[in-house]
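Enquirer: Chain residues, written in single-letter form:
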Amino acid sequence: MTAGPIIEVTGVHKSFGANTVLKDVSMQVAPGEVVVIIGPSGSGKSTLLRCLNGLERPERGEIRIEDRSLLDAGSSITEIRSRMGMVFQQFNLFPHLSVLRNITLAPVQVRKLEPANAEELALSLLGKVGLGEKAGQFPASLSGGQAQRVAIARALAMEPRIMLFDEPTSALDPEMVGEVLAVMKELAAEGMTMVIVTHEMGFAREVGHRVLFMEQGMIVEEGAPRQLFDEPRQERTKAFLSKVL
Amino acid sequence: MHFRFDIIVDYIPLLLKGAALTIGISALAIVLGSILGLAVSFGKMSSRWYLSWPTSGYIHFFRGTPLYVQILIVHFGLVPACIGHTDAIVAAITALALNSAAYTAEIYRAGIQSIDKGQTEAAQSLGMTSGQTMRFIILPQAVRRMIPAFGNEFVVLIKDSSLVALIAAPELMYWSNVMRGQYLRVWEPYLAAAFIYLILTYSLSKLLGWMEKKGVAG
Numbered sequence: 001m002t003a004g005p006i007i008e009v010t011g012v013h014k015s016f017g018a019n020t021v022l023k024d025v026s027m028q029v030a031p032g033e034v035v036v037i038i039g040p041s042g043s044g045k046s047t048l049l050r051c052l053n054g055l056e057r058p059e060r061g062e063i064r065i066e067d068r069s070l071l072d073a074g075s076s077i078t079e080i081r082s083r084m085g086m087v088f089q090q091f092n093l094f095p096h097l098s099v100l101r102n103i104t105l106a107p108v109q110v111r112k113l114e115p116a117n118a119e120e121l122a123l124s125l126l127g128k129v130g131l132g133e134k135a136g137q138f139p140a141s142l143s144g145g146q147a148q149r150v151a152i153a154r155a156l157a158m159e160p161r162i163m164l165f166d167e168p169t170s171a172l173d174p175e176m177v178g179e180v181l182a183v184m185k186e187l188a189a190e191g192m193t194m195v196i197v198t199h200e201m202g203f204a205r206e207v208g209h210r211v212l213f214m215e216q217g218m219i220v221e222e223g224a225p226r227q228l229f230d231e232p233r234q235e236r237t238k239a240f241l242s243k244v245l
Numbered sequence: 001m002h003f004r005f006d007i008i009v010d011y012i013p014l015l016l017k018g019a020a021l022t023i024g025i026s027a028l029a030i031v032l033g034s035i036l037g038l039a040v041s042f043g044k045m046s047s048r049w050y051l052s053w054p055t056s057g058y059i060h061f062f063r064g065t066p067l068y069v070q071i072l073i074v075h076f077g078l079v080p081a082c083i084g085h086t087d088a089i090v091a092a093i094t095a096l097a098l099n100s101a102a103y104t105a106e107i108y109r110a111g112i113q114s115i116d117k118g119q120t121e122a123a124q125s126l127g128m129t130s131g132q133t134m135r136f137i138i139l140p141q142a143v144r145r146m147i148p149a150f151g152n153e154f155v156v157l158i159k160d161s162s163l164v165a166l167i168a169a170p171e172l173m174y175w176s177n178v179m180r181g182q183y184l185r186v187w188e189p190y191l192a193a194a195f196i197y198l199i200l201t202y203s204l205s206k207l208l209g210w211m212e213k214k215g216v217a218g
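Just so you know, the protein sequences line up as chains A and B, in that order. By the working numbering, the letter at position 57 of the first sequence is numbered 57, and the numbering carries on one by one without gaps. By the working numbering, the letter at position 164 of the second sequence is numbered 164, and the numbering carries on one by one without gaps.
Hints listed in this document are in silico derivations from the structure and should not be mistaken for laboratory results. Check before you lean on any hint, since a few could be wrong.
As the list claims (entries may be wrong) - Below, a list of computed lysine to any residue pairs in the SDA-like style, where the Cα atoms sit at most 20 Å apart:
(1) B/K117 x A/R205
(2) B/K213 x B/P148
(3) B/K117 x A/K243
(4) A/K243 x A/R205
Since the structure is predicted, the reported quantities are computational estimates derived from the model, not experimental observations.
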């Protein structure tokens, strides 16, 4: 266990063309911490999350994961990524592979597990997310909530030290949000380090150890959920919360 | 006009021999062209200019000049330069494969780029290299979408292979030309050849239609 932060972001700048999305963003995440990022659409919160595992590359700044520089990693970025799970808004399951193969592919190819061991692991993770009976099915036959739980199991099969969630419930029908959040709560309770971008304020308040409010590419305010939701210090935070709560 | 089936019957062994060579040349050209085309498409999609420029030029050249001209260049220029003398069958296969590669490269590229970016991101987030992502995630999905376009390309290639009669590769068209020369008749040799080409292309599109169905079903 590292004593310092497991994720360390310093002075990160990112723009898409003329549009600056992240302006001098710095943040840290401690091992075992659950950090929730909230903010209006276009505030840069998803971009920040995607920078954390190198899906976006900032122009300036430094990102360190488990004390290794992500931006200088070169081809060893795959190794850093393999220790960091990511769950997407659109699930991004592999439609040509069965649920079981979706989960075992990376452990076999990247972690070099024996296929039999990978299957055993996959089945136990499917049991954990409540989908043990779906192993042989294809993603097209799953509901949104089931697909997202498979996606979580797929990420967990790499036995990551960190889990990143990019609006994991935003594409779900309302009645399926709960089953995905329940799995995430369980993970948080097990001590997984998590960074979550979400619009689920109730969940953020209940599960988050710390909440960051972002707007226009900057972290406007951060604090414990109770403090940020009940006694926001910044006017912009208040204005945002009054619209969503 | 009196249509002479008897001379067609006389020529059937030679026409079939020619058709067999047509199938052989086309099949080899398809296989070689598909392999080369995959490499060319990766080159064209590369962000490195020294890969993307030459492959882009290659595609422009072979799609922008007549196959007729390409066959002559390969037969009288490229093949002698490589093996010291020319050989009609080698030249035929080479020219058709080089030409087909330019078209299949664009089919691969369209198929690969049609796969949602989220698939690549998911694979990357699991720590897969770009090679693993291509092999296990992108290509298996893209190939299914490419089957119809490949089918069209193969049918075109079989028909285009008739142009190699020009350099006296003894395939189907060559033998119907010989037949015309012997009997000084036009309808019998060319209608017979057309009919055989039709059988070849029709069976190929049936086969590909069946594969497409199988592919979609899983």
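Enquirer: Check the hint pairing B/K213 with B/P148 against an upper bound of 20 Å on the C-alpha distance.
Expert: 10 Å, holds
Enquirer: Is the hinted pair A/K243 and A/R205 satisfied, with a Cα-Cα distance of at most 20 Å?
Expert: 16 Å, holds
Enquirer: Would you mind confirming whether the straight-line C-alpha gap from B/K117 to A/R205 stays at or under 20 Å?
Expert: 32 Å, violated
Enquirer: Sort out whether A/K243 lies within 20 Å of B/K117, counting only the CA atoms.
Expert: Status violated; Cα separation ~33 Å.
The structure fails hints 1, 3 (numbered hints given earlier, in ascending order).
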